[in-house]
Amino acid sequence: MKTDTIAAIATAMSDSGIGIIRVSGENAIEIVSKIYRSKNRKKCLCDVKTHTIHYGFIYDGDILIDEVMVAVLYAPNTYTRENTVEIDCHGGILVMNQILDVLLRGGCRLAEPGEFTKRAFLNGRIDLSRAEAVMDIIHSKNEFALRSSISQLSGAVTRKVQFLREEILYEIAYIESALDDPEHISLDGYCAKLEKKVKSIKSILKKLIDSADCGKMLKDGINTVIIGKPNVGKSSLLNFLVGEDRAIVTSVAGTTRDVLEESIKLHGIGLNIMDTAGIHDTDDEVEKIGVDKARKYAQNADLILYVVDTSRQLDENDDAIMELSADKNMIVLLNKSDLEQIVNAEEVLKKLTHMSENKSNKLTCVSEINPEKLTHMSDCNQKIQGENKKTDTCVITEKNRKIRIISTSIKENIGLDKLEEVIKEMFFGGEIFINDELYITNQRHKEAFLEAYESMEMVQESLVKEMPEDFYSIDLMSAYTSLGKIIGEEVGEDLINEIFDKFCMGK
Amino acid sequence: MMKGIREKVDVCVIGAGHAGCEAALACARMGLETVIFTVSVDSIALMPCNPNIGGSSKGHLVRELDALGGEMGKNIDKTFIQSKMLNVSKGPAVHSLRAQADKADYSREMRKVLENQEHLVIKQAEVVELLTEPLSHSDKVYEKKIIGVKTYTGAVYEASAVILCTGTYLRARCLCGESITYTGPNGLQAANFLTDSLKSLGVELCRFKTGTPARMDGRSIDYSKMEEQFGDERIVPFSFSTDPNDVQINQVSCWLTYTNQNTHEIIRSNLDRSPIYAGIIEGTGPRYCPSIEDKVVRFADKERHQVFIEPEGLYTNEMYVGGMSSSLPEDVQLAMYRTVPGLEHCRIVKNAYAIEYDCILPNQLYPTLEFKKVLGLFSAGQFNGSSGYEEAAAQGLIAGINASLFIQGKEPIVLDRSQAYIGVLIDDLVTKENLEPYRMMTSRAEYRLLLRQDNADLRLRKIGYEVGLISKEQYAIVCDKEKMIEQEILRLQNKKVGANKEIQEFLESKKSSGLKTAASLAELISRPELSYEAIAEIDMDRPKLSDAIIEQININLKYDGYIKRQKKQVEQFKKLEAKKINSDIDYNAIKNLRLEARQKLQKFKPVSVGQASRISGVSPADISVLLVYLEHLHYNSERKTL
Chain A
1 MKTDTIAAIA TAMSDSGIGI IRVSGENAIE IVSKIYRSKN RKKCLCDVKT HTIHYGFIYD
61 GDILIDEVMV AVLYAPNTYT RENTVEIDCH GGILVMNQIL DVLLRGGCRL AEPGEFTKRA
121 FLNGRIDLSR AEAVMDIIHS KNEFALRSSI SQLSGAVTRK VQFLREEILY EIAYIESALD
181 DPEHISLDGY CAKLEKKVKS IKSILKKLID SADCGKMLKD GINTVIIGKP NVGKSSLLNF
241 LVGEDRAIVT SVAGTTRDVL EESIKLHGIG LNIMDTAGIH DTDDEVEKIG VDKARKYAQN
301 ADLILYVVDT SRQLDENDDA IMELSADKNM IVLLNKSDLE QIVNAEEVLK KLTHMSENKS
361 NKLTCVSEIN PEKLTHMSDC NQKIQGENKK TDTCVITEKN RKIRIISTSI KENIGLDKLE
421 EVIKEMFFGG EIFINDELYI TNQRHKEAFL EAYESMEMVQ ESLVKEMPED FYSIDLMSAY
481 TSLGKIIGEE VGEDLINEIF DKFCMGK
Chain B
1 MMKGIREKVD VCVIGAGHAG CEAALACARM GLETVIFTVS VDSIALMPCN PNIGGSSKGH
61 LVRELDALGG EMGKNIDKTF IQSKMLNVSK GPAVHSLRAQ ADKADYSREM RKVLENQEHL
121 VIKQAEVVEL LTEPLSHSDK VYEKKIIGVK TYTGAVYEAS AVILCTGTYL RARCLCGESI
181 TYTGPNGLQA ANFLTDSLKS LGVELCRFKT GTPARMDGRS IDYSKMEEQF GDERIVPFSF
241 STDPNDVQIN QVSCWLTYTN QNTHEIIRSN LDRSPIYAGI IEGTGPRYCP SIEDKVVRFA
301 DKERHQVFIE PEGLYTNEMY VGGMSSSLPE DVQLAMYRTV PGLEHCRIVK NAYAIEYDCI
361 LPNQLYPTLE FKKVLGLFSA GQFNGSSGYE EAAAQGLIAG INASLFIQGK EPIVLDRSQA
421 YIGVLIDDLV TKENLEPYRM MTSRAEYRLL LRQDNADLRL RKIGYEVGLI SKEQYAIVCD
481 KEKMIEQEIL RLQNKKVGAN KEIQEFLESK KSSGLKTAAS LAELISRPEL SYEAIAEIDM
541 DRPKLSDAII EQININLKYD GYIKRQKKQV EQFKKLEAKK INSDIDYNAI KNLRLEARQK
601 LQKFKPVSVG QASRISGVSP ADISVLLVYL EHLHYNSERK TL
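Line order of the protein sequences matches chains A and B. The first sequence: position 336 = 336 (the working numbering), numbered continuously. The second sequence: position 557 = 557 (the working numbering), numbered continuously.
Incorrect hints may appear among the rest.
[Unchecked claim] Mimicking PhoX-like on lysine-lysine, the simulated pairs with C-alpha atoms at most 25 Å apart in a straight line are: (1) B:574 - B:605; (2) A:485 - B:575; (3) B:579 - A:465; (4) B:511 - A:465; (5) A:485 - B:472; (6) A:485 - B:432; (7) A:193 - A:465; (8) B:564 - A:465; (9) A:465 - B:568; (10) A:485 - B:568; (11) A:465 - B:567; (12) B:579 - A:485; (13) A:485 - B:574; (14) A:465 - B:496; (15) B:567 - A:485; (16) B:483 - B:501; (17) A:202 - B:564.
Honestly, the hints are just simulated from the structure, not real lab data. Everything numeric in this text was worked out from a predicted model, so none of it was measured.
Make the full structure from the sequences, and use the hints.
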């Protein structure tokens with residue numbers, strides 16, 4: 001079994017109060033001791049007793065990252081039966097990321113999904129009946145990681161990785177062909193060509209690494225999908241949230257035919273906002289595709305912003321939308337509150353309740369004013385009627401979700417501050433959260449990019465040193481392998497195929 | 001009861017090509033009574049295609065074979081007529097030796113070795129049947145056990161192990177345009193019965209194809225239109241046991257010429273008469289060794305292809321036309337060859353032809369080259385879906401060693417991918433799904449910086465010694481060599497030179513930058529412009545060392561960083577390789593594996609987790625599951641023994 005030291009964030013990736021980072025392996029204590037400073041700077045974690053907790057700070061070089069409590073646990077009395085350190089830091093994605101990053105640079109490897117448990121098992125910590133469960137976890141997590149590493153990676157990055165791999169593979173294949181068949185393929189003047197290529201590959205890699213640091217590489221925000229009938233103000237909402245005119249807004253229904261996507265930060269929360277085509281029955285072929293896409297996006301959403309035009313009657317299209325978004329976290333925006341109100345919260349609630357009853361889920365309703373008190377629908381309705389409908393929120397609690405209803409006028413900028421607040425509340429309240437697998441995937445990608453970058457540097461070094469060509473392919477191959485990890489592709493036969501396809505060989 | 005000869009031996013080797021010879025010699029040298037069968041004693045170790053041994057990565061195989069105690073290296077040292085170290089302008093990992101052979105001489109010398117080998121008997125006979133008996137049901141691993149072979153004349157040879165080295169002879173047919181003959185290479189008798197016997201044992205067969213170019217009458221070739229290709233000035237022998245001074249012979253030349261648009265035009269306009277393009281050939285041919293018609297079709301934009309004219313031997317004027325193998329009809333061949341500069345008036349002695357033959361899917365074998373289904377049945381060479389003399393010989397040796405170890409009741413030898421090209425070759429064969437004849441290539445070896453042809457003795461002599469193919473004296477030489485390299489490197493690392501005037505002047509004279517502080521001699525040697533030899537002037541008290549040792553010192557110091565990186569990769573690789581899997585494991589019982597992985601693993605029966613990870617269709621997640629499962633088994637069994 002691998003005995004290297006692994007690290008991972010043990011708590012959920014959200015802005016909770018406290019976060020825990022766990023480090024396990026032979027060098028766990030040594031690695032953490034290098035980035036830890038006690039208050040008087042005199043204490044060294046290597047000298048402390050096992051199973052003790054220490055107050056202090058985590059530093060990245062000379063830069064203070066966070067104030068922490070560090071638990072030092074020597075093997076064998078730990079979860080993994082290896083030396084273990086747990087760092088209790090302030091929760092917050094940024095801080096946890098930074099600490100993890102320092103650890104990874106200090107010699108830890110990012111733990112694979114389920115790896116702590118796997119180690120615990122392999123070191124005899126878990127009994128046999130749990131072994132199978134562990135295998136299940138590993139499998140499903142790995143499957144997920146693979147899926148997400150491909151599907152969650154933004155298309156642009158995937159294409160870049162594929163492009164880089166092709167470029168590298170071509171060079172490897174060229175060198176290898178020349179080696180295997182020196183009489184047919186010449187390497188004269190090849191180095192200068194390769195040097196150029198290496199430089200350009202390096203600069204692309206550098207950009208990718210930087211983008212990983214900014215968190216732009218993955219769609220790691222909350223997938224927020226704006227849906228609604230045509231011309232209820234969906235695109236206006238997107239424009240408001242993004243802060244620029246991203247979507248074309250007209251008064252013509254069905255203006256948005258494709259899905260527009262923007263990433264924004266709202267109070268530090270990453271949102272991936274997708275504006276969709278209005279959902280309605282249509283004969284327009286192009287529009288139909290847009291509507292189908294909207295449905296698909298809604299199904300995969302973490303959060304749905306359902307925009308209702310209160311100046312128009314609810315109809316069967318609204319039914320369809322509610323059906324589509326059942327079981328989803330949802331905020332209903334009763335928009336166009338500046339116009340005459342034909343539809344009110346009560347009506348929307350009724351419809352939602354109806355949908356819900358069909359699904360035999362009990363709906364309970366909580367008003368803004370007294371969130372502790374759960375009441376029945378009828379009470380809720382009464383309460384809403386008694387309140388200022390324009391800006392207040394109504395919260396409906398279902399089995400697994402809460403639905404909030406807000407009155408807005410996007411045009412008049414009414415109620416939008418409330419929307420932001422509600423999203424924030426849902427996020428910090430733990431109702432919606434960033435999938436931490438995605439975060440790990442992101443880290444993995446970054447690591448792989450760094451590896452590839454280092455390998456390309458080695459190639460450059462070999463070029464400068466005027467090493468024989470076959471040395472380049474050693475590091476080119478490493479770079480190729482590293483990049484392959486990102487898109488989950490295997491190395492091996494494809495090189496051979498490339499050689500055959502690209503070059504003419506023979507005795 | 002039928003009368004007939006009935007003999008009892010230890011091992012039967014079927015076929016006396018390059019695989020068969022190595023297998024038989026290994027068994028006999030390991031003390032087992034061995035009989036080697038061939039359809040023609042006059043074609044022992046025949047080279048039916050190219051007249052050379054070695055070449056890129058194949059040269060590595062021969063050197064490894066020699067380090068382990070094989071014969072090919074010694075035999076080519078005795079019979080070569082030109083020798084060249086390829087890729088010398090490149091790194092040491094890809095230096096590769098290639099020697100032109102006198103084909104007839106090569107064959108004769110090998111026959112002599114076989115004839116003089118104790119415990120070995122040569123028998124001209126066609127083996128038509130493998131004799132087996134069923135194993136009891138308690139044996140979960142094998143279905144049957146080999147007990148001997150039967151020849152066409154009805155003779156029975158009882159044996160504990162049988163090694164199949166049938167090469168391209170099984171149900172062979174040769175194609176030259178529309179003309180088809182049912183023979184093995186060079187008109188030799190094909191073996192038409194063994195296939196059925198194999199099928200009845202449940203062995204899966206497939207059909208591969210390969211080809212060879214024409215041989216020309218040397219007198220009809222105009223060499224003045226070609227470029228002469230010389231051998232090396234200083235010849236390096238293949239065998240570690242050959243004294244370099246004994247092989248500095250007068251060499252013959254090869255010749256280089258090119259095809260042109262006229263050649264390609266003739267080929268294109270006659271493609272419909274090519275048995276491959278007309279669909280007559282069913283077998284899969286090798287992509288890396290394409291026929292000239294393949295090259296013209298696949299690389300249509302290439303204006304010309306190289307053609308090497310190589311002598312077939314000293315006592316014949318036949319010349320091999322390398323690069324132009326073909327299965328086009330005789331008349332097209334002649335027209336096509338005659339477009340090539342220097343071949344305008346050529347006379348063909350032997351036509352080019354393609355050959356089709358039965359071989360097995362080698363994933364039916366363990367890495368020991370024993371059949372998974374039949375205890376004691378081994379196979380090697382082209383029969384296993386490889387191509388090339390060297391690939392065949394390497395497998396032959398390993399099959400021979402393992403058949404012997406099996407009879408002796410000892411642990412088999414399996415070389416892994418970080419130990420030898422032979423390991424890469426066999427692992428690829430038994431683990432990957434090969435859809436065409438397999439050829440060794442440097443690009444297949446991940447750790448090639450460690451698997452150099454110059455250190456094959458240091459890597460493998462010990463194993464050869466342990467199995468009994470390398471004598472104590474020969475092994476001692478390698479041990480001494482190793483020690484001397486180590487000591488000298490240590491000395492060079494510890495001996496420092498200061499930044500004084502004498503040293504600076506010396507460095508300047510070598511166009512090397514001056515020193516700022518003291519440096520070790522090892523550091524100086526690692527500079528690209530310097531070497532062990534180059535700094536002799538400032539290292540007066542060095543011991544007298546052989547060229548081979550100096551070569552090792554230079555390589556180890558100069559490529560230290562790369563070697564270390566590669567060793568690190570090997571360490572990672574070894575971890576999974578060291579996790580052995582018992583062959584009686586039931587993958588269907590591991591429910592967490594994906595169905596595809598379960599089926600693949602059940603079929604391939606990998607011997608280690610490392611091998612499992614290289615099977616296509618087995619994902620990293622499956623490997624994690626497998627690891628946990630194995631630990632679980634291990635944990636259980638340990639508990640039981642406590």
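Verification of the supplied hints:
1. In summary, the hint linking residue 574 of chain B to residue 605 of chain B is supported, as the alpha carbons are separated by about 19 Å, within the 25 Å threshold.
2. Between residue 485 of chain A and residue 575 of chain B, the direct Cα distance comes to roughly 19 Å. Compliance with the 25 Å bound is thereby established for this hinted pair.
3. A threshold of 25 Å between alpha carbons decides the hint, and for residue 579 of chain B with residue 465 of chain A the separation of about 39 Å lies outside it, so the pair is violated.
4. Between residue 511 of chain B and residue 465 of chain A, the direct Cα distance comes to roughly 15 Å. Compliance with the 25 Å bound is thereby established for this hinted pair.
5. The hinted pair formed by residue 485 of chain A and residue 472 of chain B fails the criterion: a straight-line CA distance of about 48 Å is larger than 25 Å.
6. A distance of roughly 21 Å separates the Cα atoms of residue 485 of chain A and residue 432 of chain B; the hinted pair therefore holds under the 25 Å criterion.
7. Simply put, residue 193 of chain A and residue 465 of chain A have alpha-carbon atoms about 16 Å apart, close enough for the 25 Å limit, and the pair holds.
8. Proposed proximity of residue 564 of chain B and residue 465 of chain A is supported: the alpha carbons are some 17 Å apart, at most 25 Å.
9. For the suggested pair residue 465 of chain A and residue 568 of chain B, the alpha carbons sit about 22 Å apart, so the restraint of at most 25 Å is met.
10. The straight-line distance between the Cα atoms of residue 485 of chain A and residue 568 of chain B is roughly 19 Å, inside the 25 Å bound, and the hint therefore holds.
11. For the suggested pair residue 465 of chain A and residue 567 of chain B, the alpha carbons sit about 21 Å apart, so the restraint of at most 25 Å is met.
12. With a CA separation close to 23 Å, the supplied pair residue 579 of chain B and residue 485 of chain A stays within the 25 Å bound.
13. Taken as a hint, the residue 485 of chain A and residue 574 of chain B pair is honoured in the structure, with Cα atoms around 20 Å apart against an allowance of 25 Å.
14. Between residue 465 of chain A and residue 496 of chain B the CA atoms are separated by roughly 23 Å; this keeps the pair inside 25 Å, and the hint holds.
15. For the hint pairing residue 567 of chain B with residue 485 of chain A, the CA-to-CA distance comes to about 21 Å; that is within 25 Å, so the pair holds.
16. Distance hint between residue 483 of chain B and residue 501 of chain B is unfulfilled; the C-alpha atoms sit about 34 Å from each other, more than 25 Å.
17. Distance hint between residue 202 of chain A and residue 564 of chain B is fulfilled; the C-alpha atoms sit about 24 Å from each other, no more than 25 Å.
Of the hints listed earlier, those the structure fails to meet are numbers 3, 5 and 16, in rising order.
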